[in-house]
Amino acid sequence: MKLLEYQAKEVFRSAGILTPKEIMVMSLDDAVKAAEDVVGYPCVVKAQVPVGGRGKAGGVRLAKSKEEVANITSKILGMDIKGCTVEKVLISEAVTVSKEYYLSVVLHRGSKKPMVIISPSGGVDIEEISKTHPEMIFKEEFDMILGFKDYSLRNLYKKVFSGQGEKVSFSVFKSFLEKLIDIYFKKDATLVEINPLIIHNGQCMALDAKILLDDNGLVFHPEFSKYVNDNSDETEQEKMAREASLTYISLEGDIACMVNGAGLAMATMDTITHFGGSAANFLDIGGSSNPEKVVNALKIIASNKKVKSILINIFGGITRCDDIANGFKEGIEKVKIDLPISCRIVGTNDQEAKRIMNSIGINVSVNMDEAIQNAVKLSKDGK
Amino acid sequence: MKLLEYQAKEVFRSAGILTPKEIMVMSLDDAVKAAEDVVGYPCVVKAQVPVGGRGKAGGVRLAKSKEEVANITSKILGMDIKGCTVEKVLISEAVTVSKEYYLSVVLHRGSKKPMVIISPSGGVDIEEISKTHPEMIFKEEFDMILGFKDYSLRNLYKKVFSGQGEKVSFSVFKSFLEKLIDIYFKKDATLVEINPLIIHNGQCMALDAKILLDDNGLVFHPEFSKYVNDNSDETEQEKMAREASLTYISLEGDIACMVNGAGLAMATMDTITHFGGSAANFLDIGGSSNPEKVVNALKIIASNKKVKSILINIFGGITRCDDIANGFKEGIEKVKIDLPISCRIVGTNDQEAKRIMNSIGINVSVNMDEAIQNAVKLSKDGK
Amino acid sequence: MSILVDEKSKIVVQGITGRDGLFHTEKMVQYGTNVVAGVTPGKGGQLAYNVPVFNSVEESVKATGADTSIIYVPEKFAADAIVEAADAGVKLIVCITEGIPINQMVTVQAYLKTKPDIRLIGPNCPGLISPGKCKVGILPGDIFAKGNVGVVSRSGTLTYEVVYSITSSGLGESTCVGIGGDPIIGTNFIDTLKLFNEDPQTQSIVLIGEIGGDAEEKAAEYIKKNIKKRVVGFIAGVTAPPEKRMGHAGAIISQGKGTAASKVEALEEVGVRVAKIPSQIPELLK
Amino acid sequence: MSILVDEKSKIVVQGITGRDGLFHTEKMVQYGTNVVAGVTPGKGGQLAYNVPVFNSVEESVKATGADTSIIYVPEKFAADAIVEAADAGVKLIVCITEGIPINQMVTVQAYLKTKPDIRLIGPNCPGLISPGKCKVGILPGDIFAKGNVGVVSRSGTLTYEVVYSITSSGLGESTCVGIGGDPIIGTNFIDTLKLFNEDPQTQSIVLIGEIGGDAEEKAAEYIKKNIKKRVVGFIAGVTAPPEKRMGHAGAIISQGKGTAASKVEALEEVGVRVAKIPSQIPELLK
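Chains as they are written, first to last, in the numbering used here: chain A, 1224 to 1606; chain B, 1224 to 1606; chain C, 5 to 290; chain D, 5 to 290.
Hints are computed from structural coordinates only; laboratory data are not their basis.
Take the hints with a grain of salt, since some may be wrong.
[Unchecked claim] Computed from the model, here is a short list of chain A residues facing chain C with C-beta under 7 Å: (1) Val1329; (2) His1356; (3) Thr1413; (4) Gly1484; (5) Leu1487; (6) His1497; (7) Ser1582; (8) Ile1583.
[Claimed, not checked] Keeping only pairs whose Cα atoms sit at most 16 Å apart, straight-line, the calculated EDC-like set for lysine to aspartate or glutamate is: (9) A:Lys1449 to A:Glu1466; (10) D:Lys80 to B:Asp1411; (11) C:Lys119 to B:Asp1366.
For clarity, every value in this text was computed on a predicted model and none was experimentally measured.
Glycine included, C-beta positions come from ideal geometry on N, C-alpha and C.
Let the hints inform the model, and build the full structure from the sequences given.
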């Protein structure tokens, strides 16, 4: 789960990390009130959306007066940024910036532990910098026994803060990093990112904030549940899937897929493409054999108006094929489906599944390629 | 450095550990006021001294009324417990105790990490229990990566809290342990001990508290400097030595020793005993060659009225023998010494040292046994 | 031969009395796996599908000499279960459980680093099987046949699909290892490739990867330097939308790796034959 | 032979530009020790007693191939200096510094456990010497003579006293190791006894202990099982007042061990000849 900037900054402030003075608002009136009563001028109006590139899309703008705040906020609220409608803006103090740094704590798969990434060349071009000037990017592994190693951190500090710009002491920098890693572990995050980080009166300050939370850890953090419905750039189907605890991703094609297991679901999409078709979605119904999940899955894929054919690809293991078939039968009875269906089921109890599917008029293949080629054909026949 | 009960409990309370309601007082009036205004009756009057066994010495007593508080406090204040005069008492709420547990976090040399020791048979006899019923003592290693291991802690919990008495939940117990270990590390302690620990309304409560601080860590903890003069059962010489940054321990004999290095100092004492004498002190002047230390050392050993002879045993390494001799010469000039002196100096620059010592009329031996036998003889001649 | 598990492996099932634990204990025993013990705290002394249950892994190891543990306990307790198994001295720990918080695994991995003799497979994996000898996991036993193809995969059902097509083509498997799909796993592609390379029964290797991370790219480097046997690959996700990005940090770390294209290219560059669709794998093995 | 250090050892001095570091670098070089580098952050490029100074241990190791580090940095930075040396890949780290907070050493020891090839001696120790070959520490070189007695000691000046009497008696030392007196140390009695047992030059061993802890008792057990050479012991503190107690916990852990009497008894029981006073040691060796 990705936290929006204002949410991440709430986490930052409770951990003692300095941010600009700022207020999240959802209306024009509140925006003006925030600027007038609390934040002052100049201030920055920042769209709160769960996608990157809002700056280039015009979602972050400086306002120098009441009129400008009103004018800019009215433009940003309701704006569409990469498919997300802006419903919230942050009215933020415009802080003097002498130099922009980049700083993040991120899970590093290779070393199996968090890593600190820091650069004296922060700002919107950091990814480009990392390619063209890799020597400007510094990395430091966090040690699970020692924490940060003093000797190593001192070297890092010298390299990063030796240039122009306002100075920060080593101990301030170190304690700032310790706060970040504390957030990382205590909140079960996989990324805590500040870009830009600035030095303000000798202190580190976060001008922006991004936190990615590990979904597996959310159960320990009820404090984030209030944000769940807030942070998604999801389609209608994706939202339905989340509520039904299914993993669904909307795609551009016209063959709806229902598969068990993420790897097999991806391989199914790849094979559809290989045979000239195009998948309408990624859908993993998971390892469970719960028929209700199948009913929900069917509802969701059928609600996509672009779909021309339905492909079912099940490899039973823990998943019992007859459970899937029963769920499908129940679903077909509840959801009116006008689309042609191609079905492949193999594995645990597949004979019983075949009998059930046949009973509702659906043929079952044991061969994945065959079923997929059929689904592709069906998707084109209708055109 | 050992914290007194009331000091350790202040640390406990800031860490969120439950203790009885209590107030430390230094006068009869304040004791009565504390009982009347805050603590209530019955209450316990507890002598605050840095030595064990105060209970058996009558330093902990229950008071049921204003009169009893006054009466008991007046007896305890000023009482001598193992050489310590009671100057402070704790007026403590008398909490109902259904069962006494023992709990400590202590440095374990063997495993090179802290260990938790816990017993359902807490109270004053815990050491006896550990000998006669070792199966009632449970130990749990703290892991520097994982912290407490859940599976192991659950086993411990089942064993310790399965008997009679008020119940505590596993999660309350675990979070209590985590607070203790937190104190242990954050305060640079080598021991955090609660005996007895009780369960009070489903919570763990510390009825008593003992914290030993690592002297090497005190530099990071200015919060304890206010206690330094407070917690010592030290003799006059020991106090002088502490103020001069020397390691001195008062003993019962009559040969004052000045030695460099703790091991050699102990071996010197042992050899004195071997040759029929008896050391008046342990004194390690350390590895430094600072002449001022030698002057101070001389002042301290000479201030002990029991001393009959002085033994100097120096093995120069980093310590330069001529520096020691110069310090000694300076000391002899400042401090009037009427005692016979036996001197052994060997090692770095020992020839120069010999010259200096000879110049003030002191013979220098190179043989430790010879010098010690001489010191023993001198200590007896005077009798 | 075969790798990691065989007819001599003695298995202890952690969480044996749970729904999944019990179901798969039955399947493993039916397959012929030597399941010697189960563990559920508080249920010591019971029998679960005729397997004796102990209160702790330590007790089970002392009583039965179990050397391999398989973990079916719920995600909240699974990381601790790995630690318990490691402390009890089993040599191979297979963690099936899905949904363990990543940073709990970060901590467990740091701990396992202090015990270099202990190998973890998973978490969030289907386990492993040496056909005809021993099945430790949830893989459907009947799709496997004893043979000479070593299979290693980050995926679950996709592995079954590939094995199904290998076995259907008349070939068989030496061992099939599902290493799991989580960002932080124990045994990785390289560890498994090394074992297959040294295993006389294994004549060729199938590596099944997917988008995300750079495990396949690293495996390719390793294959170039060390593997003498034929390796056939498949990467799922060629047509998948790009993985959700880990902020700028993700881009800085990955530097373009992690896509299916990058992985296919890396593998093909070192001579691995990469199948376009799973059904091509058997012919590439021949 | 000799153990741990010899004429081939390449020494890097951490904290070489400090007062103690510089003084003892001079003494070590004069003794003939192969001091190849020094480290003081920010002073790289300078020379200290003709030894090249580097900004980091890593740089010094890369430039000189140093395999042994000796640490003279102040107590506030010493634990970190041990970690830096370990990360830079030196194999032997000798920490002279006194006064490192105990729990910093607890953490460092847990870290070193993940690097089993690296050995730490100390902290709060005088270092070690293989007479005539190499001196790494603050021991006064002129009291030693090349010979066949291995000396291991928790103490500083007492070690000199014992060595002085050994050398005065006409014997000499193979290696003398001061393992340090802190509660938490790296190399212990048993580690050193093992090395002496395997060293052909060492014919007999002197073990110098003192009150506190149970290292001598454990050494006695080890001697009984493993050591074939003559061992002579001395325990300081027979007449010392009992150690300040670690609360009830101390008594529960020690169970009577830790006193000089307990140590002497444990050693004598396994055939170690224990001297009553240091000067008896040479005759017990003969």
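Each hint, compared with the structure:
no.: 1; hint: Val1329; verdict: 4 Å, holds
no.: 2; hint: His1356; verdict: 12 Å, violated
no.: 3; hint: Thr1413; verdict: 6 Å, holds
no.: 4; hint: Gly1484; verdict: 3 Å, holds
no.: 5; hint: Leu1487; verdict: 4 Å, holds
no.: 6; hint: His1497; verdict: 5 Å, holds
no.: 7; hint: Ser1582; verdict: 25 Å, violated
no.: 8; hint: Ile1583; verdict: 24 Å, violated
no.: 9; hint: A:Lys1449 to A:Glu1466; verdict: 15 Å, holds
no.: 10; hint: D:Lys80 to B:Asp1411; verdict: 13 Å, holds
no.: 11; hint: C:Lys119 to B:Asp1366; verdict: 13 Å, holds
Comparing the model with each numbered hint stated earlier shows that hints 2, 7, 8 do not hold.
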